[in-house]
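Participant: One line per chain: the protein sequences are A and B, in this order. Residues 1 to 90 in our numbering are what the first sequence lists, from first letter to last. Residues 91 to 598 in our numbering are what the second sequence lists, from first letter to last.
Don't read these hints as lab results, they were simulated from the structure. In this text the structure is predicted, and so the values were computed from the model without any measurement. One thing to keep in mind: the hints can contain errors.
Claimed, not checked - Okay, derived cross-link-like pairs now, SDA-like style, lysine to any residue, Cα gap no bigger than 20 Å in a straight line:
1. A:LYS33 to B:ARG217
2. A:LYS33 to B:PRO211
3. A:LYS33 to B:TYR512
4. A:LYS33 to B:PHE210
5. A:LYS33 to B:GLN215
6. A:LYS33 to A:ASP68
7. A:LYS33 to B:TYR216
8. B:LYS488 to A:ARG5
9. A:LYS33 to B:GLY213
10. A:LYS33 to A:PRO50
11. B:LYS488 to B:ARG429
12. B:LYS488 to B:ARG467
13. A:LYS33 to A:ASP3
14. A:LYS33 to B:VAL375
15. A:LYS33 to B:TRP501
16. A:LYS33 to B:PHE214
To be verified - Going by beta-carbon spacing under 7 Å, a handful of chain A positions derived as facing chain B:
17. ILE6
18. CYS10
19. LEU11
20. CYS43
21. LEU83
Claimed, not checked - Over 10 Å on every C-beta distance to chain A, these chain B residues come out as not near it, computed from the model:
22. VAL102
23. ASP105
24. SER113
25. ARG115
26. PRO122
27. ARG196
28. LEU199
29. LEU232
30. ARG296
31. GLY310
32. HIS359
33. ALA404
34. LEU477
35. TRP579
36. ARG586
37. ILE591
For each residue, glycine too, the CB sits at the ideal point set by N, CA and C.
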Amino acid sequence: MGDRRIVCFCLDVTVEDLAEAVREGFDHPELLKRFTAVLMGPCQGKLCAPNVLRILAELTGQPEEALDVPTLRPPVRPIPIGLLAAGGEP
Amino acid sequence: MTAPTDARRRGVRLDLPDSRRVSIRYDGRHLPAFEGEPLAAALYAAGVRIFNRSLKYHRPRGLFCNAGYCPNCLVRVDGTPHVRACTEPVRDRMEVESESGWPSARFDLLAVLDQLGFLFPTGFQYRYFTRPRWLYHRWEWLLRRLAGHGRLGVDPPSPAQRSSLTADVAVVGGGPAGMAAALAAARAGACVLLFEAESALGGGLRTEPRPVRAPALYDGLPGVELVARLATEIERHPAISCHRRALAFGYYADGRLGVAGPGTFLSVHAERIIVATGSYERPMVFDGCDRPGVFLASGVRRMLHLWRIRPGAAAVVVTTSDYGLAVALDLLNAGVTVRAVADTRDWTSREPDEARRLRQSGVTVLPGHAVLSVAGRRSIRAAILALTGPADRATAWKVPCDHLVVSGEFWPANELVFHAAYRGSHVLRAEAHPMRPQIEREGLRAVGPVHIAGNAAGVGDLVKALLEGTIAGLSAGIALRGATPGAAWELEDAVRALAAIHEASHGR
Numbered sequence: 001m002g003d004r005r006i007v008c009f010c011l012d013v014t015v016e017d018l019a020e021a022v023r024e025g026f027d028h029p030e031l032l033k034r035f036t037a038v039l040m041g042p043c044q045g046k047l048c049a050p051n052v053l054r055i056l057a058e059l060t061g062q063p064e065e066a067l068d069v070p071t072l073r074p075p076v077r078p079i080p081i082g083l084l085a086a087g088g089e090p
Numbered sequence: 091m092t093a094p095t096d097a098r099r100r101g102v103r104l105d106l107p108d109s110r111r112v113s114i115r116y117d118g119r120h121l122p123a124f125e126g127e128p129l130a131a132a133l134y135a136a137g138v139r140i141f142n143r144s145l146k147y148h149r150p151r152g153l154f155c156n157a158g159y160c161p162n163c164l165v166r167v168d169g170t171p172h173v174r175a176c177t178e179p180v181r182d183r184m185e186v187e188s189e190s191g192w193p194s195a196r197f198d199l200l201a202v203l204d205q206l207g208f209l210f211p212t213g214f215q216y217r218y219f220t221r222p223r224w225l226y227h228r229w230e231w232l233l234r235r236l237a238g239h240g241r242l243g244v245d246p247p248s249p250a251q252r253s254s255l256t257a258d259v260a261v262v263g264g265g266p267a268g269m270a271a272a273l274a275a276a277r278a279g280a281c282v283l284l285f286e287a288e289s290a291l292g293g294g295l296r297t298e299p300r301p302v303r304a305p306a307l308y309d310g311l312p313g314v315e316l317v318a319r320l321a322t323e324i325e326r327h328p329a330i331s332c333h334r335r336a337l338a339f340g341y342y343a344d345g346r347l348g349v350a351g352p353g354t355f356l357s358v359h360a361e362r363i364i365v366a367t368g369s370y371e372r373p374m375v376f377d378g379c380d381r382p383g384v385f386l387a388s389g390v391r392r393m394l395h396l397w398r399i400r401p402g403a404a405a406v407v408v409t410t411s412d413y414g415l416a417v418a419l420d421l422l423n424a425g426v427t428v429r430a431v432a433d434t435r436d437w438t439s440r441e442p443d444e445a446r447r448l449r450q451s452g453v454t455v456l457p458g459h460a461v462l463s464v465a466g467r468r469s470i471r472a473a474i475l476a477l478t479g480p481a482d483r484a485t486a487w488k489v490p491c492d493h494l495v496v497s498g499e500f501w502p503a504n505e506l507v508f509h510a511a512y513r514g515s516h517v518l519r520a521e522a523h524p525m526r527p528q529i530e531r532e533g534l535r536a537v538g539p540v541h542i543a544g545n546a547a548g549v550g551d552l553v554k555a556l557l558e559g560t561i562a563g564l565s566a567g568i569a570l571r572g573a574t575p576g577a578a579w580e581l582e583d584a585v586r587a588l589a590a591i592h593e594a595s596h597g598r
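Can you make the complete structure from the sequences, with help from the hints?
Facilitator: Structural data, given as structure tokens:
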């Protein structure tokens with residue numbers, strides 16, 4: 001099972017999961033995010049993004065600064081959908 | 091196996107809140123609580139340690155960040171799913187249930203999934219049973235039952251209100267940078283909106299017991315008192331409209347800020363936005379880093395200073411900076427036995443003041459050490475420390491403790507700045523991204539009309555945050571309302587003060 005240290009608390013993604021994803025070719029941050037679902041849970045990367053980028057940099061042999069940060073979209077934190085509905089044009 | 095709840099309850103509260111005693115129900119048990127305190131505080135004081143089960147492996151999870159950004163404390167409150175217990179205030183007769191685990195988060199039969207990880211490699215959900223399609227739908231149904239968190243309430247929620255607000259300057263975040271920015275912009279003649287996601291202003295200052303060397307009038311006050319002074323000024327100021335429990339969740343292409351108030355959608359239009367949203371603390375990755383009993387250092391500070399609750403009886407602290415050392419001192423002052431403090435830095439030449447004070451109080455301080463793993467599954471029993479560098483198990487030292495405090499780096503909470511920076515391009519190239527925004531002038535960073543100040547800009551210092559906030563607020567006010575002599579002079583002063591601090595820290 002390899003390195004079972006948890007990187008993403010929201011979705012139980014381990015270091016081994018990230019390594020396996022990179023081995024399969026999902027080595028760009030946007031691809032890695034979509035394949036493993038890191039950065040997509042309730043925390044939206046607040047806990048895991050720094051560690052995911054650092055580990056990805058190590059796995060691909062690049063400096064961390066060279067990695068594109070995956071696109072961040074609103075809402076910053078989960079909000080009830082009814083609130084967004086109220087915000088729509090009347 | 092589990093210690094009696096009496097032992098846990100004894101000595102957890104440092105002092106009792108001022109509000110009235112109420113009763114809440116958690117997973118069917120009646121628990122005492124105090125009105126208005128964070129739900130997580132009440133549950134923790136009543137002995138709850140496992141708040142949740144993780145999505146895939148059903149691993150037990152306990153409190154961690156205590157600030158509303160990790161997924162560990164999500165519970166169901168009065169029928170509403172996915173409520174963060176660490177920021178939700180207690181109400182009398184609240185009905186709280188754990189959302190994950192079967193039959194409950196505390197005792198989960200599905201925890202066996204943690205041993206079956208080999209059956210679920212990465213991407214398994216895209217590969218197993220994909221053909222024939224009918225089998226995939228059955229499989230998906232089972233997966234949702236095993237992994238889903240929360241159920242929707244039965245009653246429809248009450249409809250939300252909508253409201254529009256306009257101002258010269260919108261400040262997002264009521265911490266040191268935000269409060270300074272709001273007051274400075276108002277002094278420069280601007281009309282200001284201030285949004286704070288929590289129920290009280292102050293941000294990082296609320297958990298800082300040491301005196302803050304703040305410029306101008308309020309020098310040398312402990313963080314908490316400084317907050318009180320600044321908050322009073324803000325409340326009284328006619329040009330500042332302060333909204334608490336208001337979360338700015340998005341900056342949109344038409345220059346609008348979307349803000350979620352309690353039950354209200356606020357559509358905000360401001361000429362300048364100052365993002366002073368602070369930072370998140372980065373967890374450390376090690377074996378068992380997600381076990382109940384492992385806390386972020388900033389989370390422990392909130393427990394001690396805001397909730398007035400001790401995390402436990404015996405702590406081990408692992409840190410990468412002076413922040414963790416300060417938190418270790420806070421724990422000592424709260425009567426917690428600090429068994430060891432491991433600092434990953436190897437400061438042979440210059441011992442930090444806090445480390446010296448810890449040693450003088452009898453605490454074992456280990457420079458050049460890191461945490462390798464923790465022992466314990468439902469809660470931690472010990473931390474295993476070792477020299478940094480290639481893991482050398484021969485030098486590993488097992489330290490018994492009931493909580494481990496980890497202090498990694500702080501990561502700027504600058505999502506709103508990213509929203510402003512995209513400008514139609516979906517992937518932000520590394521060279522242009524807001525980790526290194528355009529620096530117009532020392533201390534003033536901006537992406538279009540969105541300024542960043544304080545920890546949201548990567549600054550790790552309360553005094554710098556106050557100065558950056560002042561500079562951002564004055565600059566915004568001057569740009570919109572013209573430069574009065576007083577404002578221009580104050581801006582120069584603040585820029586000089588910030589430059590002096592930069593020189594002092596680089597010259598060391």
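Participant: Now, for every hint given, state plainly whether the structure supports it.
Facilitator: Consistency of the hints with the structure:
no.	hint	verdict
1	A:LYS33 to B:ARG217	holds, 17 Å
2	A:LYS33 to B:PRO211	holds, 16 Å
3	A:LYS33 to B:TYR512	holds, 19 Å
4	A:LYS33 to B:PHE210	holds, 18 Å
5	A:LYS33 to B:GLN215	holds, 15 Å
6	A:LYS33 to A:ASP68	holds, 12 Å
7	A:LYS33 to B:TYR216	holds, 15 Å
8	B:LYS488 to A:ARG5	holds, 19 Å
9	A:LYS33 to B:GLY213	holds, 12 Å
10	A:LYS33 to A:PRO50	holds, 13 Å
11	B:LYS488 to B:ARG429	holds, 11 Å
12	B:LYS488 to B:ARG467	holds, 16 Å
13	A:LYS33 to A:ASP3	holds, 19 Å
14	A:LYS33 to B:VAL375	holds, 18 Å
15	A:LYS33 to B:TRP501	holds, 19 Å
16	A:LYS33 to B:PHE214	holds, 15 Å
17	ILE6	holds, 5 Å
18	CYS10	holds, 5 Å
19	LEU11	holds, 5 Å
20	CYS43	holds, 5 Å
21	LEU83	holds, 5 Å
22	VAL102	holds, 24 Å
23	ASP105	holds, 31 Å
24	SER113	holds, 27 Å
25	ARG115	holds, 23 Å
26	PRO122	holds, 29 Å
27	ARG196	holds, 19 Å
28	LEU199	holds, 18 Å
29	LEU232	holds, 17 Å
30	ARG296	holds, 19 Å
31	GLY310	holds, 33 Å
32	HIS359	holds, 13 Å
33	ALA404	holds, 24 Å
34	LEU477	holds, 19 Å
35	TRP579	holds, 36 Å
36	ARG586	holds, 31 Å
37	ILE591	holds, 25 Å
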